[in-house]
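Here is what each chain is made of, one letter per residue.
There are 2 protein chains.
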Amino acid sequence: MELIEICKRAKEVKYEVQNLCTDKKNKALLAVADKLEAKAQGIINANKKDYENGEKNGMHQGLLDRLLLDEKRIKAMADGLRVVAELPDPVGEITEEFERPNGLKIKKVRVPMGVIGIIYEARPNVTADAFALTFKAGNAVILKGGSDAINSNIAIANTMREALTDEGINPDAIQLIEDTDRSVTTQFMQMNGYVDVLIPRGSAGLIRAVVENSTIPVIETGTGNCHIYVDKAADLDKAITIIINAKTQRIGVCNAAESLVVHEAVKDEFLPEFEKAMKEHNVEIRGDKDSTAVMSSANPATEEDFGKEYLDYIISVKTVKDVDEAIAHINKYNTGHSESIITEDKEAAQKFLDRVDAACVYVNASTRFTDGFEFGFGAEIGISTQKLHARGPMGLKELTSYKYQIVGEGQIRG
Amino acid sequence: MELIEICKRAKEVKYEVQNLCTDKKNKALLAVADKLEAKAQGIINANKKDYENGEKNGMHQGLLDRLLLDEKRIKAMADGLRVVAELPDPVGEITEEFERPNGLKIKKVRVPMGVIGIIYEARPNVTADAFALTFKAGNAVILKGGSDAINSNIAIANTMREALTDEGINPDAIQLIEDTDRSVTTQFMQMNGYVDVLIPRGSAGLIRAVVENSTIPVIETGTGNCHIYVDKAADLDKAITIIINAKTQRIGVCNAAESLVVHEAVKDEFLPEFEKAMKEHNVEIRGDKDSTAVMSSANPATEEDFGKEYLDYIISVKTVKDVDEAIAHINKYNTGHSESIITEDKEAAQKFLDRVDAACVYVNASTRFTDGFEFGFGAEIGISTQKLHARGPMGLKELTSYKYQIVGEGQIRG
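Same order as they appear, the protein sequences are chains D and H.
The first sequence runs 7 to 420 under the numbering used here.
The second sequence runs 7 to 420 under the numbering used here.
To be clear, the hints were calculated from the coordinates, so they are not data collected in a lab.
Please note that a few of the clues may not be correct.
Which residues of chain H face chain D? A partial, calculated answer using Cβ under 8 angstroms [said to hold, decoys possible]: (1) Asn-25; (2) Thr-221; (3) Asp-363; (4) Tyr-368; (5) Asn-370; (6) Ala-371; (7) Arg-374; (8) Gly-382; (9) Gln-392; (10) Arg-397.
Don't be surprised by glycine CBs; every beta carbon is placed ideally from N, CA and C.
In isolation and in its complexed conformation, chain D is listed as follows (with noise of 0.2 angstroms):
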């Protein structure tokens, strides 16, 4: 189909979307789950052919294992789809109600955006993932998915097409673009009047492109340049499980932690603990000049080293006289997403938490909570690290927009 009418309908389809009832939309959920379960067999076979031909075009291995659908990853994403049913409906909360002295009464009401456009990469799992999200926050959805999943992609869209369809629900709730020409990517970017807000999910690259190329609103995701600062007055014991934590215990996500920041008065101390273990992990150290001088299997770092988002076994350190240096630092080199401060000094945790600019800023904790499961919001869209909007980790809230309702009496404007 056209990308036109592909948008057309999703104009047309999110008037129904947005007025269903919550009881509706979760038994759809549910069908839509139960569906993708029953029809595994035909979704895995189409999976093959795009993992076949991912493994003919020399595709990474880590690419391929990301691609590829079996039994139990199918039950996965209908487990995910049943999760999302459980979870309040935002839409028609109403936020705040207020009276003006000429009688006007005013509500305002969480309404859905409308029309999203979610661009991904060879995930399959996105595919139901942001279906489940989108149409319960009474969304439509149109996804372009990465080219190399584009087998696996029709096969899930038109499963969860036909479940909706058997519960009377319009199917164009869910379009998924399968022409993989990338002129048409850069058309969907620019559907305005159509398409609502874009949401990217995927590389730095990916997201990059979009921002760039993009006229709709874009909600930017993922990028984590993470910092631990180690205080003066830190607890090094928790500072050490801190970091081992952030850095180490998934290495490839956006709120694992990329530097360390220390304060010089106890540099001495903590370096060669943090050396020690970091060895354990496999972990490299590129440090600055201070740092290196008391770890002897360090690295030197380079100005780009502070910049980077490894997503790797590396991690940079950086020494600092105080508090107020470590927050230029991390001011200046992060990505906005999420920093951490190991300090038992109230003053400087409050310093920390006010002055560093970023969508989660932490006093003893690891930055790997930064995540829609870990703050309570039962499913997560991703992580914006923009300040339009929504800040953070984004659940079915940040995927809704408002509207005020004003009630008169045959009010004039003087």
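For chain D, the structure is supplied; the task is to place chain H on it using the hints.
Just chain H now, with coordinates in the frame of chain D:
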């Protein structure tokens, strides 16, 4: 100064501005107000150059009027600053607070955006106005005003910077791009990493240019193709009063009505009254077939008419068979600004409130109330017609973002 230098300074100063206490900000706003009045003559002299250039270049009378500054207008600018000083400071407000089962204490705190860019036309009062609001909300601001007002803007900006310096505040909290080359404006729209959000203020053309060229998140403001729907259960006296107000009280504003939608059951009774009222106010009517049949002076409306924000003494008329058709018509042609139903039928009213897709949806009131002051926000930077971030009138709160502050006791992720 080079654009990149301006942006670097803004990024640097934002950390200072976001940490200014409320008293210091208010004192600075009052000092800026006083200084503008004290230096009024210099500003008026600079404005004279712009005005004379405008006349020479054949600028329209309406634009010349918007460009003109005199003592009274400078006093109004200063008073505007004083009003903003009185408003509550949105920064630091804790909007949510919760504890997770693992003991992490999470606060959602309102914080400044950082650096806000404002792009506007030859209206020098915006220079002071935009500074007041962005500064009070804790932001550094970079202004790019219309080149036709460059001398006025330089005089105003320099005066404000002087006042800030006197108050011990880094004057780079407000910077003006003095280079009037168009390519600089385009570069400004792509200063990601320096500017957090762009707000264009002005004509539909200006806003479109920003939306199309910006890679920075934009808050789209302005265009209003607003409708009044007169339902079959309308109080027709209320309807006439409201339409006269919405259409004619101020013709060139975005919350003025541009179209009447009327239920066929009341058209024969209502439209002749409406025609008479519009005639008295010199408003041309362009109607569909059913409506022109009962209004002899009306012209036929084209498809294009229904999609048009006239900002003029013209109104389109569409007849519908029920509230559903009214809603569908409005959702097809509107710009997501303000829509009103006139009815005594509560069910029809609620349907209209729920289903019309617009920032502000009214029952029995004029669309002219869509305004930050009328909503009680005490200020307004514009009316957002997009769904991301803010929708409808934007006051100080809408010029902020939020961050999560999380306090732990050594928690790591399992």
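Verification of the hints:
1. Asn-25: Given a least distance of 7 angstroms, the restraint on Asn-25/H holds.
2. Thr-221: Interface hint status for Thr-221/H: holds (5 angstroms vs cutoff 8 angstroms).
3. Asp-363: Asp-363/H check passes; min Cβ-Cβ to chain D is 7 angstroms, inside 8 angstroms.
4. Tyr-368: At about 5 angstroms, which falls below the 8 angstroms cut-off, the nearest Cβ of chain D leaves the hint on Tyr-368/H intact, so it holds.
5. Asn-370: Given a least distance of 5 angstroms, the restraint on Asn-370/H holds.
6. Ala-371: This interface hint holds because 3 angstroms falls under the 8 angstroms limit.
7. Arg-374: holds (4 angstroms)
8. Gly-382: holds (6 angstroms)
9. Gln-392: holds (6 angstroms)
10. Arg-397: Holds: closest Cβ of chain D sits about 6 angstroms from Arg-397/H, inside 8 angstroms.
In the structure shown, no violation is registered for any of the earlier numbered hints.
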